[in-house]
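Chemist: These protein sequence lines are chains A and B, in that order. For the first sequence, our numbering assigns the number 1 to the initial residue and increments by one for each residue that follows. For the second sequence, our numbering assigns the number 1 to the initial residue and increments by one for each residue that follows.
Hints listed in this document are in silico derivations from the structure and should not be mistaken for laboratory results. Please note: incorrect hints may appear among the correct ones.
So the derived list for chain A, only partly shown, Cβ under 7 Å to chain B, looks like this [stated by the list, open to error]:
no. : residue
1   : N50
2   : L64
3   : F73
4   : R141
Just so it is clear, CB atoms sit at the ideal spot from N, CA and C, and this is done for glycine as well.
Protein chains: 2
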Amino acid sequence: MLTLYDYLPSGNGYKIRLLLSQLGMPFRLVEKDIQRGETRTPEFLAINANGRIPVLAWDDGRRLAESDAILFFLAEGTPFLPGDRFARAEVLQWMFFEQYSHEPYIAVARAWVHVYAKTVDSARLAEKREGGYQALGVMERHLAERRFFVAERYSIADIALYAYTHVADEGGFDLAGYPSVRAWLARVAAEPRYVPITQRVFS
Amino acid sequence: MLTLYDYLPSGNGYKIRLLLSQLGMPFRLVEKDIQRGETRTPEFLAINANGRIPVLAWDDGRRLAESDAILFFLAEGTPFLPGDRFARAEVLQWMFFEQYSHEPYIAVARAWVHVYAKTVDSARLAEKREGGYQALGVMERHLAERRFFVAERYSIADIALYAYTHVADEGGFDLAGYPSVRAWLARVAAEPRYVPITQRVFS
Chain A
1 MLTLYDYLPS
11 GNGYKIRLLL
21 SQLGMPFRLV
31 EKDIQRGETR
41 TPEFLAINAN
51 GRIPVLAWDD
61 GRRLAESDAI
71 LFFLAEGTPF
81 LPGDRFARAE
91 VLQWMFFEQY
101 SHEPYIAVAR
111 AWVHVYAKTV
121 DSARLAEKRE
131 GGYQALGVME
141 RHLAERRFFV
151 AERYSIADIA
161 LYAYTHVADE
171 GGFDLAGYPS
181 VRAWLARVAA
191 EPRYVPITQR
201 VFS
Chain B
1 MLTLYDYLPS
11 GNGYKIRLLL
21 SQLGMPFRLV
31 EKDIQRGETR
41 TPEFLAINAN
51 GRIPVLAWDD
61 GRRLAESDAI
71 LFFLAEGTPF
81 LPGDRFARAE
91 VLQWMFFEQY
101 SHEPYIAVAR
111 AWVHVYAKTV
121 DSARLAEKRE
131 GGYQALGVME
141 RHLAERRFFV
151 AERYSIADIA
161 LYAYTHVADE
171 GGFDLAGYPS
181 VRAWLARVAA
191 EPRYVPITQR
201 VFS
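Looking at chain A on its own, in the form it has when it is part of the complex (with noise of 0.2 Å):
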């Protein structure tokens, strides 16, 4: 049986809790709390030595961090990963832009503002913003013309940057001028087996 370490309010855990149940494939959920400081601890560190969640373990004692990571590897072989080699660079490309480009904006924005609700400097929660935003753009220009975000299918490209752009507005970001953002937000919420993002019980 699969172990997934994982915080229910974070989006890069959400990501593989998405695929999973759209796989079918069972997991234990071992809650690591942030907040509290429960993926700092000497016990933790030897799981992930970067003292992230989410990191996914079997049972032969193998371990894998990195949301985007553990996508790819999961995806490997099933329809939520184009076979194609170039499709699939693309799909990097987008799960790339998504770690650099648009987390640490959209998802630490929301960190702050909801998730851990703490006062924030009001230029620092600005500049979040203003790269968010960036990033928003960056999707809406692609999306105008596109119903996923490679090779017109859904995949992991789509689980990634869904997991923090569904909840954007809980750091506070406005998606009314971005419509493709929200077509594309609506197309991802009706795929199969679909679960939202802190559903603790999967079948």
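Fit chain B to the supplied structure of chain A, relying on the hints for placement.
Modeler: Quick look at chain B alone, frame taken from chain A:
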């Protein structure tokens, strides 16, 4: 012939130049000066809507952005990417670590101090240094018992992490306390067909 849109001081661009050299693949280098805003022109935004180098372009019109996605595409089926599915996922794990937990600290500190040589808020720089040393600590512990990052052989995981680590001193990082990282840097620099970061001519 491949075309690489790039900026010579960029470690992200260097990753591609190094791998293309080691693969013996000729390419045309088109330099875009980030500091002059040459990656934010309408012309360049048509090449990459995210306004960043490197971008690899093919004569048939295909284009790929995001350094680590380009590395993955070029390395598939070569000795620079393991054939084993789990090892490939581990390579991706380290590349996502690089883009999320390493580059935003080590590369950005270097850009501020060395490339742009601009006046930087000391508190912001201290944050970058702290994050950078944390990433170096993760690398040091991993390399203490290994020659390379994945499967004991040189791969694109090493190229991705080498790019900014080997010039970390330009961002004010001191690697004295990271002997395993320094030994690994020397191993990478000794690989066949190695080229230095600012080399413009390739054969």
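Chemist: Run the structure past the numbered hints and jot down the numbers of the failing ones, going up.
Modeler: Of the numbered hints given earlier, the structure breaks none, since each of them holds.
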